[in-house]
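Take a look at the letters that make up each chain.
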Amino acid sequence: MKKLYIFIGIILLGISNPAQAQVDEDQLGAWYIYIWSTQFNESQWGVQGDVQYRNWDVIGDLEQLLLRGAATYKPKNTDVKLALGYAHITSGVFGDSDDTTTESRIYQEANLPQKVGGLLSFNHRFRYEQRFVEGQDFRTRFRYGLFLTIPLSAKTVEAKSWYLNFYDELFINGERNIGDGRRVQVFDRNRLYGALGYAVKKNFKIQVGAMRQTTNSVDKTQLQFGVFHNF
Amino acid sequence: MSKATTIRFYLASIISLTAGFKGLSQTTDFPLGGWYTYNWNTQFKETPWGLDGEVQYTGFEVVGDLDWLLVRAGVTYQPKGTNLKFAVGYGHATFGVFGPANNKVTENRTYQQLNMPQKFGKRFYFLHRFRYEQRFFRNDLYRSRLRYGLFLNIPLNNSEFNAKTWYLSLYDELFLNGERQLNDGRVLSYFDQNRIYGAVGYVFKKGLSARVGFMRRTTNSADNAQLQVSVHHKF
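Protein chains in written order, with our numbering: chain W, 1 to 231; chain B, 1001 to 1235.
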């Protein structure tokens, strides 16, 4: 009988707050990430994308599978890079369940890179997302991320050199009513990240680090393994 | 653009901005508010050090019905070989309440700040400003706040802010609460407020300019628009 109540409780929680309520904050997760980009010769245009396999645990308990691709444009005489893209996300729930929900989104992005003092490379990234999430009304989200790269063994990140990479990214909800009377806060989440990186070649880098994600209800840490490929 | 059409363009911009913000302000119970700022900064010759500060008077109405009066000043430091600017400072604020009541709340605050200016193309002058505030109210009420603002100034009839330059000034600033559990029992959400702003500015001489514009301020419970007039002075 007690089990039945817990079961019903979990279902009710699940309905009101699909991927959050039952999360074990102390469970170390892992995100495996491949990020690529390419620039068309002698044009301002390029393409970029990423594949992210995110796990609630170190591997196996799917949190999200994210596929993203975008066209990029660099206005002349600036370092600014603009992007327009699409992403598809499959989200799983924490624990044994294999249930998934899907999301399609389009997004616009602006990258504003900035060098400081010869050694520090910052990038300010702004993103605006239009999200079509299964079982929810249309949502939008604003994101601002500040990324910092610091070379360690050379003056820049070049072949066979080590570097540090940090970022903090803030997510803000546009729509607050997401359907069926559900209401979200303006603050969606924050991500704080630190990693050690190694450049195998100038255009092929590996990063190993950890990221802490804070939402209104959950504060969770995951390992992050990233491969960055520019061709 | 000839001079006359240029001026007409600015006037049209101001009017459409006004109309836009008026439309927004009608969705709330607040009337159009007023916001007046004097902003100054100075750099000590041949050193990385300087000072900056401001006096800010805001009203729930265009003039009168005090919203707050803020006086703030800080010491600034620019590390060599960079255009970063750090600041530490202190501010004192007096808050009024909406309507005829005369109740006041005062605040002492300390803050740390980082400015990252960034220029793109010939005319896009961005500034990223990060600020962390420690806010002390009476009765031991303590709060802290993180702020990130993205500011963009675009000179119109020049590529720099020389004398007699008209410019557009836009910004958005987001405020997040540090402490969420206050010792008066209140529980806050991370989101404190957002400010979005648009204005037309004019440079009288290098280092002295004025702006007239509108700001929309959004909190969890309110959404109001304010007329903003500010003077910016570098000496």
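No lab work stands behind these hints, which were simulated from the structure alone.
Be careful, since some hints might not be right.
As the list claims (entries may be wrong) - Lysine to aspartate or glutamate pairs mimicking EDC-like chemistry, simulated, CA-CA at most 16 Å apart:
#1 B:Lys1122 to W:Asp79
#2 B:Lys1205 to B:Glu1160
#3 W:Lys74 to W:Glu42
#4 B:Lys1119 to W:Asp79
#5 B:Lys1122 to B:Asp1172
#6 W:Lys201 to W:Glu134
Said to hold, decoys possible - Pair ranges (Cβ atoms, derived):
#7 W:Asp137 to B:Trp1049: 37 to 43 Å
#8 W:Leu196 to B:Phe1124: 53 to 59 Å
#9 B:Gly1081 to W:Ile106: 57 to 63 Å
#10 W:Asp79 to B:Thr1037: 28 to 34 Å
#11 B:Glu1046 to W:Leu28: 39 to 45 Å
#12 W:Asp137 to B:Arg1180: 25 to 31 Å
#13 W:Leu84 to B:Thr1037: 23 to 29 Å
#14 B:Lys1164 to W:Asp79: 43 to 49 Å
#15 B:Val1063 to W:Val208: 37 to 43 Å
#16 W:Gly181 to B:Thr1047: 33 to 39 Å
#17 W:Arg212 to B:Thr1047: 50 to 56 Å
Keep in mind it's a predicted model, so treat the numbers as computed, not measured.
Backbone N, C-alpha and C define an ideal beta-carbon position, used for all residues, glycine too.
Status of the hints after comparison with the structure:
no.: 1; hint: B:Lys1122 to W:Asp79; result: holds, 12 Å
no.: 2; hint: B:Lys1205 to B:Glu1160; result: holds, 12 Å
no.: 3; hint: W:Lys74 to W:Glu42; result: holds, 11 Å
no.: 4; hint: B:Lys1119 to W:Asp79; result: holds, 10 Å
no.: 5; hint: B:Lys1122 to B:Asp1172; result: violated, 22 Å
no.: 6; hint: W:Lys201 to W:Glu134; result: violated, 41 Å
no.: 7; hint: W:Asp137 to B:Trp1049: 37 to 43 Å; result: violated, 53 Å
no.: 8; hint: W:Leu196 to B:Phe1124: 53 to 59 Å; result: violated, 34 Å
no.: 9; hint: B:Gly1081 to W:Ile106: 57 to 63 Å; result: violated, 41 Å
no.: 10; hint: W:Asp79 to B:Thr1037: 28 to 34 Å; result: holds, 32 Å
no.: 11; hint: B:Glu1046 to W:Leu28: 39 to 45 Å; result: violated, 52 Å
no.: 12; hint: W:Asp137 to B:Arg1180: 25 to 31 Å; result: holds, 27 Å
no.: 13; hint: W:Leu84 to B:Thr1037: 23 to 29 Å; result: violated, 37 Å
no.: 14; hint: B:Lys1164 to W:Asp79: 43 to 49 Å; result: violated, 30 Å
no.: 15; hint: B:Val1063 to W:Val208: 37 to 43 Å; result: violated, 59 Å
no.: 16; hint: W:Gly181 to B:Thr1047: 33 to 39 Å; result: violated, 59 Å
no.: 17; hint: W:Arg212 to B:Thr1047: 50 to 56 Å; result: violated, 39 Å
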